[in-house]
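*Asks:* Chains as they are written, first to last, in my numbering: chain A, 43 to 478; chain B, -9 to 332.
Derived by calculation from the structure, the hints in this document are not laboratory data. Wrong hints could be hidden among the right ones.
[What the hints assert, rightly or not] Mimicking SDA-like on lysine to any residue, the simulated pairs with C-alpha atoms at most 20 Å apart in a straight line are:
no., chain 1, residue 1, chain 2, residue 2
1, B, Lys307, B, Trp168
2, A, Lys424, B, Ala258
3, B, Lys199, A, Glu448
4, B, Lys277, B, Ser257
5, A, Lys424, A, Ser389
6, A, Lys171, B, Ile224
7, A, Lys404, B, Ile224
8, A, Lys320, A, Ala296
9, A, Lys403, B, Tyr126
10, B, Lys269, A, Met455
11, A, Lys320, A, Met455
12, B, Lys37, A, Pro173
13, B, Lys269, A, Ala410
14, A, Lys148, A, Asp422
15, A, Lys171, A, Lys188
16, B, Lys269, A, Glu237
17, B, Lys245, B, Trp168
18, B, Lys277, A, Gln187
19, A, Lys424, B, Lys139
20, B, Lys277, A, Ser389
21, B, Lys269, A, Thr465
22, A, Lys403, B, Lys277
23, B, Lys269, A, Glu397
24, B, Lys199, A, Gly398
25, A, Lys171, B, Arg236
26, B, Lys54, B, Pro255
27, A, Lys148, A, Gln187
28, A, Lys466, A, Asn433
29, B, Lys245, B, Lys256
30, B, Lys12, B, Lys139
31, B, Lys245, A, Gln187
32, A, Lys424, A, Glu382
33, B, Lys37, A, Met172
34, B, Lys269, A, Ala381
35, B, Lys303, B, Glu191
36, B, Lys139, B, Phe163
37, B, Lys269, A, Glu368
38, B, Lys277, A, Glu444
39, A, Lys404, B, Thr279
40, B, Lys37, A, Tyr306
None of these values were measured; they are calculated from a predicted model.
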Amino acid sequence: MSTTSSITPCRKPLSGTSFIGLENSIVNELVRVLFVSSTSTIRNTLVQPIHGTTFVAIVISDVSYISPAQLNIERVYEQNRLIAQKKDASGALESAPVPAAATQGKPRLLLMGQRRSGKSSISSVVFHKMPPNETLFLESTARVQKDSMHSFMDFQVWDFPGQVDFLDPTFDLDAIFGEIGALIWVIDAQDDYLEAINRLNSTILNLQPTYPNINIEVFIHKVDGLSDDYKLDIQRDIMQRIQDELSDHGVENAPINFHLTSIYNHSIFEAFSKVIQKLIPHLPTLEALLNDLCRSCRFEKAYLFDVLSKIYIATDSSPVDMPSYEICSDYIDVIVDVAEIYGWPRSDEYIESLEGEPWNKKLEDQVACLDAESAIVLTDMKRPIMLREVNKYLALVAIMREGSFEKMPLVTMNVETVADGLTKVFEITKQRNMVS
Amino acid sequence: MENLSLQDDIPANEPRKQRKKKVLLMGKSGSGKSSMRSIIFSNYVAKDTRRLGATIDVDLSHVKFLGNLTLNLWDCGGQDAFMENYLSQQRQHVFSNVGVLIYVFDIESRDFDRDLLTYRSIIGALSQFSSTASVYILIHKMDLVVPTKREDIYNDRVDQVQAKSDAFEITPFATSIWDQSLYKAWAEIIHDLVPNLDQIEKHLGSLGKIISAEEILLFERSSFLVVSSWTSTIGGMNPTTDRFERLSNIVKTFKQSTSRYTGTPKSAEQFCHFELKMKNFSLFIVKFTTNTYLLVALPPGETRFNSALENVKIARKEFEDLDSPAKKGADRGATCTAANEA
């Protein structure tokens, strides 16, 4: 399948440290895909090229093209640079251990909160696929647990012990908060949360002057078993208390978000999805691609999933509803499990025999697509769900309108184009990360 | 599922009696008989079984299976008082015309010797009234044992049970409702109960060869147990030996989520077509006949996939009558192969 759309990465050479700001040129990728409308149903004969036009714009002065996430990352870079400069100027290399080269440039998620609020459980369930009921047996965390996640985007998860006070001057704040992507503060909703709020407030107040751009995400945790009304009451109460306290100290509009979570349902994944999405610089491009796809294929909802953690990193602009997220995420499980059962390596002779008579073709040429493709048709209103692997870490899952399974070949083609586009978007970021 | 009192249910000279062989589910109280029954036949998930109460007397259910096959399942409450009743007053009523006895042992039982004693008397009664019955032993709740010790304890128990089984040839299984081992045991039990299995297997084989499949599995619709299977020589090299049970487990778990999503009851059929195309294999599960689903694993390739799908559609007609009790054509084999080749 050939597509004419090509996105070329545009980069300016790295300038010196004196040039503060947007030395990473911002690439605004606009992949416009004109979808082929054809009534032909046999997929392999649809060789008509897809006309795609690509606009690559270099925007340096016009900030209006920068997504909030992008801006945020730029700010963090800038902030780090300023701190580094300050250090250089003073010439004092203090005791601060310079973060190892490997950790540099990776966004970092910090999990903090009172002890026994569920931080380690969250990280085990979300990033290590631990069944929720087994988290009962987790030991309390004694020291900072650093986990590196290798996925579509490398990031780190730092799990902090609840009993340690990080505002103690013996801790090197810079090493902890320097490259932070988001600070996740976990509050146990079934416990007395006043103490937790106090600590959160003092943390925010302490960090605000030095690191004004930290995203603070408050997880109001363990809300399973609470009634909906009660949940909202708690959320309102917590929000109110934090905002009051902060504005008393002159901090207005701190970037704080609230999520109601529980590890026993999908809400924790949903909350993490929203946190991670803020760290993705090219989110608007991804969303635009998915929107296009939804429109042209008449999808109800499309998600781009991180297969390992089942966090969705992008979705189209229609509102997210939990049931559709749940079904898509469970569907990924099915695919992964089935693929594990039948994906064993076949012997060479067998593959040779498959490539011989009557096919006389390489196996790669016999298949339409080298990545996994799947679809399931639910009996209820004949609603199909489709899945397409984008790369090693990402999968596109979409819920289709009823009765659209007959048009599957067309849909597959469109999805293929989008998958191509997505891969390219990620290639660009990879290169950019390496440069920066 | 009705809890009938036994006296009402004695089939007085019922003509179909011959076909309706009993499946007795027995074991000590609290060993997990009703839990496993609910998981296999009533679409419960493992944790739902916590709300099940104790079975009083005999819980009699007719499980519809593959259309014309009705499992006459007798879930016998395991408390001592009931047990004594079965062995004395209702002895003939319970133990006559038994096709299969499934006896469940609780691995955690503190008094295994006593369990064995009860088992011994059950076997005695069984040999008196239905000496041809097949006996399955499920050593249950294996998840409660440390993984390293499981095999030893299991073997030890099986040996002891075997010693008390008289002339009966027992088939033992280690099971747990928390993993797929339960499906393995039940799939095998059901496999023995399906009457025209040889024919089904033969047909599946010829279908498989024609579409050059690696593996074909026939699932029962509601329990999603593997009723019959055919595996090519290549498919047999698959290192995952417990794949049937795992597939049952995977699909059933997914059916739970789809039922939540669509709002339809769990027992309703949830999907009619599933396909997966990967680099090194392709696979589809389709609704096959009224009561079955068919899973076909194929080598990769678009053409192969599509033609296999078409062929399965054609073959569907020929398998249909294996299902429906109405027509039982004798010339099934001949027409089946003809249609496949067409």
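*Asks:* For the pair supplied as a hint, Lys54 of chain B and Pro255 of chain B, confirm whether the alpha-carbon distance does not exceed 20 Å.
*Replies:* Judged against 20 Å, a Cα distance of about 17 Å means the pair holds.
*Asks:* Are Lys269 of chain B and Glu237 of chain A close enough, with their CA atoms no more than 20 Å apart?
*Replies:* Violated. Lys269 of chain B to Glu237 of chain A sits at ~54 Å, over the 20 Å cutoff.
*Asks:* Holds or violated: Lys148 of chain A with Gln187 of chain A, Cα cutoff 20 Å?
*Replies:* 16 Å, holds
*Asks:* Is the straight-line distance between the alpha-carbon of Lys404 of chain A and that of Thr279 of chain B 20 Å or less?
*Replies:* The given pair, whose Cα atoms are some 35 Å apart, is violated under the 20 Å limit.
*Asks:* Under the criterion that the straight-line Cα-Cα distance not exceed 20 Å, is the pair Lys277 of chain B, Ser389 of chain A satisfied?
*Replies:* 31 Å, violated
*Asks:* Do the alpha carbons of Lys37 of chain B and Met172 of chain A lie within 20 Å of each other, as the hint requires?
*Replies:* Answer holds: Lys37 of chain B to Met172 of chain A is near 17 Å, not above 20 Å.
*Asks:* Keeping to a limit of 20 Å between CA atoms, is the pair of Lys37 of chain B and Pro173 of chain A held or broken?
*Replies:* 13 Å, holds
*Asks:* Has the given pair, Lys245 of chain B with Lys256 of chain B, been kept, meaning a C-alpha gap of at most 20 Å?
*Replies:* 7 Å, holds
*Asks:* What's the verdict on Lys12 of chain B and Lys139 of chain B, does the C-alpha distance respect the 20 Å limit or exceed it?
*Replies:* Not satisfied, since the Cα-Cα distance of roughly 35 Å exceeds 20 Å.
*Asks:* So if I understand the rule, the pair passes when the alpha-carbon distance is 20 Å or less; does Lys277 of chain B with Gln187 of chain A pass?
*Replies:* 48 Å, violated
*Asks:* For the pair supplied as a hint, Lys199 of chain B and Gly398 of chain A, is the alpha-carbon distance within the 20 Å limit?
*Replies:* 17 Å, holds
*Asks:* Holds or violated: are the alpha carbons of Lys269 of chain B and Thr465 of chain A at most 20 Å from each other?
*Replies:* 18 Å, holds
In the structure shown, a violation is registered for the earlier hints numbered 1, 3, 5, 6, 9, 11, 14, 16, 18, 19, 20, 22, 30, 31, 32, 37 and 39, in ascending order.
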